[in-house]
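*Asks:* Put together the whole structure using the sequences plus the hints.
So the sequences go chain by chain: B and D. According to numbering that gives the first Met the number 0, the stretch in the first sequence is residues 0 to 403, in order. According to numbering that gives the first Met the number 0, the stretch in the second sequence is residues 0 to 375, in order.
Just so you know, nobody snuck in bad clues.
The calculated lysine to any residue pairs, modelled on SDA-like cross-linking and capped at a C-alpha distance of 20 Å, are:
| hint | chain 1 | residue 1 | chain 2 | residue 2 |
| --- | --- | --- | --- | --- |
| 1 | B | Lys373 | B | Tyr287 |
| 2 | B | Lys114 | D | Lys109 |
| 3 | B | Lys317 | D | Lys42 |
| 4 | B | Lys44 | D | Glu316 |
| 5 | B | Lys162 | B | Pro221 |
| 6 | D | Lys109 | B | Glu113 |
In case anyone wonders, no lab produced these hints; they're calculated from the structure.
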Amino acid sequence: MLKLPIYLDNNATTKPDPQVVEAMLPYFTEFYGNAASRNHSFGWKAEEAVDYARQQVADLINANSKEIIFTSGATESNNLAIKGVFEMYREKGNHIITVNIEHKAVLDTCRHLEKMGAEVTYLKPSIDGLVSIEQIKNAIKPETILITVMYANNEIGCINPIKEIGELAHQNNILFHTDATQAIGKIPVDVIADNIDLASFSGHKIYGPKGIGALYVRRKNPRVKVTSQIDGGGHERGMRSGTLNVTGIVGLGKACEIAGKQMAEESQRLSKLRDKLEAELLKLEETYLNGSITKRLPHVSNISFKYIEGEGLMMGVKDIAVSSGSACTSASLEPSYVLKNLGLDDELAHSSLRFGLGRFTTEEEIDYTIEHVKTAVTKLREMSPLWEMFKEGIDLKTVEWTEH
Amino acid sequence: MRVYLDNAATTPLDQEVVTAMTDVLSNYYGNPSAQHAIGRTAKGILEIARRNVAELINAKSSEIFFTSGGTEADNIVIRSAVTDLGVKNIITSPTEHHAVLHTAEEMNEKGMAVLHFVNINEKGEIDLENLEFLASKYPESLISIMHANNEIGTLSNLKTISAIAKKYHCIFHSDTVQTMGHYKIDVEELGIDFLVCSAHKFNGPKGTGFLYIKNIHKLKPMITGGGQEKNLRAGTENLHGIVGLAKALEISNKILDEKRKKIQSLKNLMINLIKEKIPQIGFNGLITENESLYTVLNVSVPPSPIGDMLLFKLDIEGVCASGGSACSSGSNKGSHVLAAIKHPEDRTGLRFSFGKFTTEKDIRFAVDKLQKILSE
Ligand SMILES: Cc1ncc(COP(=O)(O)O)c(C=O)c1O
Ligand SMILES: Cc1ncc(COP(=O)(O)O)c(C=O)c1O
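*Replies:* Have a look at this one:
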């Protein structure tokens with residue numbers, strides 16, 4: 000039996016895998032020690048669990064466990080990476096290169112650093128959401144200390160040429176940070192092969208718990224250092240203080256282990272379902288896919304249904320949890336800056352929905368979604384004067400609108 | 000037998016707290032920022048937790064900001080007071096937790112604020128006259144004084160300090176990590192500007208805490224990008240942790256008096272047993288009921304060949320205690336708190352800390368073992 004609502008917002012957050020919850024429980028009840036307690040077995044047990052999880056996390060991205068710093072989530076990881084590099088390498092330069100469709104955790108942090116004396120270049124991606132090596136090459140200056148480009152975009156799922164960007168960065172002695180929150184656990188990420196110096200990610204995007212994340216910080220070729228942003232007991236090799244969230248860490252470790260095992264099969268299964276959903280929905284008139292179709296995460300599809308408001312459509316398919324714009328920013332009626340910066344006009348941006356499939360998505364749910372979204376789109380358009388005008392052949396771009 | 004007497008480092012979780020968190024993890028997994036029903040349900044859960052926490056300390060919901068713990072909350076206060084509230088001087092004590100101390104030192108080193116240490120006595124008590132003198136000399140400072148010291152348990156009178164702060168237009172922050180959930184805390188009555196909480200110190204989860212900010216203060220986010228927590232603290236909310244925190248605080252506040260009475264009598268028992276059986280041991284900090292944290296007892300062991308091995312031997316005997324705070328560097332640098340109260344370096348400081356699951360048997364067991372080890 001189909002259970003409603005259907006959850007297709009897996010880029011915003013994912014339901015913790017039952018195996019993850021199960022792995023966490025003993026560290027709530029039995030092994031409750033503080034991982035920094037050096038003098039007794041409760042502390043050692045907790046520390047062991049943290050070490051084990053650190054290895055699980057490292058294994059997923061081909062890192063050394065010493066290169067994993069636990070944080071409270073990808074937002075904090077991005078802050079630590081970017082502010083931490085800026086403060087640590089300030090003597091070397093003050094220029095940072097990023098892209099204007101990065102997550103707010105990167106963009107707001109860059110804006111903050113501009114007030115502290117940083118110079119930031121915000122590259123504009125092509126219409127499919129990708130930046131090119133040429134663009135980055137042209138932006139590099141002698142003062143450039145950091146390139147920060149996301150692995151995969153959270154709204155449209157496009158995947159950047161990470162390996163090449165990393166190579167370019169290294170050729171120029173520039174550090175390379177990637178916000179890999181949407182990619183790690185979903186597609187293979189290899190920090191060595193991809194030439195990554197710093198990578199941010201989060202537990203709750205990969206069927207782990209909320210409130211835990213990690214930052215990969217390379218230790219060799221080059222050895223990277225970041226200035227800590229939270230000071231105190233000197234945890235995490237001095238880069239991030241605060242009592243370790245042992246259960247969260249155990250959960251993240253388990254989530255990484257499961258992801259590593261299931262990724263190949265899961266991504267195949269989900270891309271099939273995604274393609275089916277997408278193919279069916281794109282059969283509707285005046286419906287457009289946003290972002291790259293080839294270089295893309297397997298489980299996400301962002302579609303604009305022209306002449307309909309995304310929010311309206313969401314209300315029309317109440318039993319299906321999808322997102323219009325990014326859920327990671329507080330609800331506002333501004334159209335998604337990601338879509339706008341791709342060059343979509345407000346109208347198309349406003350009419351977009353993101354379908355994010357996940358581990359627990361079934362074919363039945365996809366069939367239901369196809370049927371109900373189609374019906375809702377058709378119904379909403381029937382009620383829409385804009386649609387009527389379009390059907391009558393009136394070019395809406397030539398109509399003069401009064402302010403409202 | 001194994002007895003856990005390190006509750007100031009962290010505490011075992013309440014079963015009810017675990018149940019509440021497991022429910023959220025398994026059933027309410029939405030992102031509170033998402034617009035759909037699953038997200039809105041999560042948002043509802045978040046805001047109920049916030050309201051409950053606010054009520055428990057007599058604050059408004061809009062004054063509670065969830066963080067990843069006490070350390071982050073302390074960092075926000077110290078950094079933001081300097082960068083957003085125009086604080087030029089920080090007055091604090093050398094016995095503060097490193098989350099306050101290191102952050103204040105960093106502000107000092109960077110030339111963003113000047114750090115002033117208030118005098119303390121050999122019991123770790125704040126010299127209030129000296130505090131008033133500093134406040135009068137540097138009005139509009141940030142005064143950061145912890146409620147109870149995590150190593151020696153000495154309490155400060157927050158109301159008195161708050162009055163001094165008011166008189167000289169200072170901003171008053173208190174690190175209440177060791178007292179939240181153990182004492183009744185009323186922000187109105189204290190007239191305090193900031194205080195911080197960490198759930199794992201009162202039978203809640205690690206990795207979650209909150210910062211109380213009196214609503215007259217507007218701070219900018221320290222962690223940027225996403226606008227959560229009314230734009231003070233970005234990042235997807237740790238919903239199960241927050242629910243666990245609220246539940247743990249609710250339970251703690253319900254049993255405050257009874258818990259205090261029980262634990263205080265255990266502490267008194269330990270003091271008396273030590274005085275009787277191991278008279279060569281002294282006590283660090285104050286040990287009187289109203290002047291010291293009832294969950295902490297720090298003892299001073301005279302020089303002996305066992306020295307550094309004492310904690311190790313205690314652990315082998317089944318007693319979990321600590322040398323001070325749970326420090327993470329792994330180095331045995333020695334406690335900055337004991338140094339500040341001039342505890343002789345050749346003596347060993349031991350912290351026993353109690354919780355609501357501690358029993359009389361635990362106490363007797365620990366004292367017996369300590370006596371045995373020291374007489375070897
Ligand atoms: C690309 C990207 N970066 C960063 C984040 C922030 O992660 P967190 O919510 O764990 O702080 C998100 C999602 O919220 C994201 O999609
Ligand atoms: C007095 C005091 N302040 C701050 C902290 C730090 O809190 P957290 O463990 O949540 O980082 C602790 C405990 O570690 C503490 O005892």
